[in-house]
Amino acid sequence: MHLSLSADQELLRDGIARLLANYTPASGHDRADWRALWRALAEGGWLAVAAPEASGGMELGADSIGLLALELGRAAASAPFVEAAVTSISLIAALATPNRREEWLPAIIAGEMLTVPLLEQTIASGPGAPLADVRKVDGGWRVSGAPVLVRWGDVADSFLVPVTCEGGRLALARVGRDAGGVAINPYPTIETAQSCRLQLSDVFVGEDDLVDRGDVGVAWAMARDRAIGFACNDAVGGMERLLQLTAQYLETREQFGRKLSANQALEHRVARMAIATEEARGIALYAVLAGDEDGAVLHAAAGAAKARIGTAARFVAHNAVQLHGGMGVSEETVVHLFFKRLMAFENWLGTTTQYAEEVAERLRATRGSQSVIDLVNRAQVAA
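In our numbering, the protein residues as written are 984 to 1366.
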């Protein structure tokens, strides 16, 4: 992957940007009506970017999907793109039976079925046991689990739930929202994603709804880390937009007969915002590039990106609000939307502090893993 875009990537970027222009806060689009945007994405084929060509998808590379995530972040688009169109599709394509792939993937691509994974639950890459307990019954399984927060779960049609089967075998259970024993409680958050607290109580899952063709633990951990990389690109898109809005505001706002941009101290703050944003952009690209590496390298890259970009996002968001004055937190501008989005990103799938501590521990343990060093060198060459 190079920093300069290919002709195809430029077409992708321009195409998604044109579509999103009709669904940004500035266009007057009602952000609560996320389904209108989702339908538009489906009609334009954008929900097929991660799906295999055999299933009617585009099968784009991680760098191109990261580019789309960047544009979604720049538009503050309210849609479960990373969760449903990327992560769920990738997991189903890798682990489901051919019959289930043929049934589920076209429905997701068409926007007819919204399936989200319980990314908050780790398996191979983090602490804790899988969310749900499973016991075998005639014709399938019974699944029970403690409440867990699920981003976009309040509007999902089904969930991909990590479970442990007999003998310690890991699997993903596809659970429909209308199944008996499924409790979905809305959970408002700082951003617009319609999340929920999901609890499973002796939910029946048919044999064909258990997704386990392959190494589920590795596939789940890598899908989760790739999702972090795409979310980092989304955050960078929001940071770039905040930087643009802040610079424009200082150029137009006057105090005591002078533009605010003439104040050197404020110029320096904007310059620091620009530096933080550009650094974050490079790290986000690095996290996406690592998506083609093995699990250990990908996990290290995702954690490092989440830690660094989380810090940068807070810096840029806070300065954007402060430099806008009271207008920065009012609903008369879109600044507050990006601020909320970046604050949610900072705490998604773990806090910035947790990831920073994990990175520090890894560095102490490895003292410079050669695989990570090689990846960094490759990223520098690509740049």
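Warning: the hint list may mix true and false statements.
Claimed, not checked - Quick list of simulated restraints, FRET-style, between CB atoms:
(1) R1196 x T1235: 55 to 61 Å
(2) A1000 x T1336: 29 to 35 Å
(3) T1235 x H1301: 18 to 24 Å
(4) E1340 x R1196: 34 to 40 Å
(5) E1314 x L988: 18 to 24 Å
(6) M1310 x D1191: 52 to 58 Å
(7) T1080 x D1140: 16 to 22 Å
(8) E1095 x G1309: 40 to 46 Å
These are calculated hints, taken from the structure and not from any lab test. The structure presented is a predicted model; accordingly, all values stated were derived computationally and were not measured. We put the CB at the ideal spot given by N, CA and C, even for glycine.
Each hint, compared with the structure:
1. R1196 x T1235: 55 to 61 Å: Since the Cβ atoms of R1196 and T1235 sit about 57 Å apart, the hinted range of 55 to 61 Å holds.
2. A1000 x T1336: 29 to 35 Å: Given range 29 to 35 Å: holds, Cβ gap about 34 Å.
3. T1235 x H1301: 18 to 24 Å: Holds: the Cβ-Cβ distance is about 21 Å, inside 18 to 24 Å.
4. E1340 x R1196: 34 to 40 Å: holds (35 Å)
5. E1314 x L988: 18 to 24 Å: Violated - the Cβ-Cβ distance for E1314 and L988, about 35 Å, lies outside 18 to 24 Å.
6. M1310 x D1191: 52 to 58 Å: holds (54 Å)
7. T1080 x D1140: 16 to 22 Å: holds (20 Å)
8. E1095 x G1309: 40 to 46 Å: Given a distance of about 44 Å, which is inside 40 to 46 Å, the answer is holds.
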